[in-house]
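Student: Generate the whole structure from the sequences, applying the supplied hints.
So the protein lines, in turn, are chains A and B. Per the numbering used here, the first sequence starts with residue 87, numbered consecutively. Per the numbering used here, the second sequence starts with residue 19, numbered consecutively.
No lab work stands behind these hints: they were computed from the structure.
Dumping the calculated DMTMM-like pairs for lysine to aspartate or glutamate here, alpha-carbon to alpha-carbon at most 20 Å:
| # | chain 1 | residue 1 | chain 2 | residue 2 |
| --- | --- | --- | --- | --- |
| 1 | A | K161 | B | E123 |
| 2 | A | K116 | A | E92 |
| 3 | A | K116 | B | D121 |
| 4 | A | K125 | A | E92 |
| 5 | A | K116 | B | E123 |
| 6 | A | K172 | A | D186 |
| 7 | A | K161 | A | E124 |
| 8 | B | K83 | B | D142 |
| 9 | B | K147 | B | E29 |
| 10 | A | K128 | A | D96 |
| 11 | A | K161 | A | D96 |
| 12 | A | K116 | A | E105 |
| 13 | A | K153 | B | E123 |
| 14 | B | K93 | B | D52 |
| 15 | A | K116 | B | E35 |
| 16 | A | K172 | A | E105 |
| 17 | A | K153 | B | D121 |
| 18 | A | K116 | A | D90 |
From the derived model, a few chain B residues whose C-beta atoms are all more than 12 Å from chain A:
| # | residue |
| --- | --- |
| 19 | L23 |
| 20 | N24 |
| 21 | Q50 |
| 22 | K83 |
| 23 | S103 |
| 24 | A108 |
| 25 | D137 |
| 26 | D142 |
| 27 | S144 |
| 28 | G148 |
| 29 | F154 |
All C-beta atoms in this analysis are idealised placements derived from N, C-alpha and C, irrespective of residue type, glycine included.
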Amino acid sequence: MHLDMEYQQDTLLARLGGELDLGVADQLRKALDNQLTEKKIKYLILNLSRVTFIDSSGLGVILGRYKRLVHSGGKVILVGAQPQVKRILELSGLLQIMEDYPDENQALSKIV
Amino acid sequence: MVKILNRCTLEFTSIPENVAFARVAVAAFASQLDCTLPELEEIKVAVSEAVGNAIIHGYRNRQDKTVRVNVTIYKEGLEIRVEDSGAGIADIDLAMQPAYSTDPERMGLGFVFMQSFSDRLQVDSSPGKGTTVTMFKQIGQRGAKARAN
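Tutor: Following this line, the structure appears as structure tokens:
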């Protein structure tokens with residue numbers, strides 16, 4: 087798994103790559119939660135364009151951050167999922183509760 | 019009985035890193051059947067869920083146990099059997115309900131994906147003895163034809 091993060095004000099942009107499964111779920115959860123806490127993040131943009139595989143363990147990490155941010159009035163926005171990943175996101179119902187956009191600029195423009 | 023064309027058995031330690039190993043190994047074996055890319059993706063997700071369940075729920079994250087995966091290739095498709103000898107499931111119907119999970123960080127989608135991505139799913143389990151998940155997936159034209167009917 088690859089993860090690089092960038093933040094401005096209350097927005098964290100996390101670019102993920104590789105396979106999001108049980109093998110990396112804990113590591114990803116901790117890395118994101120550290121930043122959410124430390125930087126007082128309200129909006130999380132997850133760029134999934136380099137993610138090649140996701141299963142329910144990976145989805146669980148996304149849903150957990152969503153619950154946390156929504157609770158404090160923020161949101162999670164998904165960006166650029168590849169077709170096979172997008173299909174899993176759709177089936178899981180996550181796309182019914184989270185916005186998704188083709189690129190980072192569009193996602194950033196949705197944050198007020 | 020339908021003719022078996024090929025079969026393999028994988029046995030590995032119940033560590034989370036092996037979820038990736040299992041799905042890649044099964045997908046590589048399954049590719050002998052001329053699977054389409056979406057079919058291979060479905061197989062990978064189904065295997066990940068079944069092996070993930072064995073590690074998390076069957077073995078409650080203990081890392082010194084053994085997960086066994088049997089793959090059998092038939093002309094029509096493949097059968098994937100994932101076995102653990104862990105905690106077992108007390109109420110299989112409840113465990114298979116969408117969004118049912120014993121852990122708030124998890125989505126309760128494991129069985130949903132296994133069901134969506136296979137043509138037949140069977141779960142055998144007894145508390146204290148372990149769980150066996152058997153999935154059959156039809157592959158290729160024959161499978162597509164059978165699925166359309």
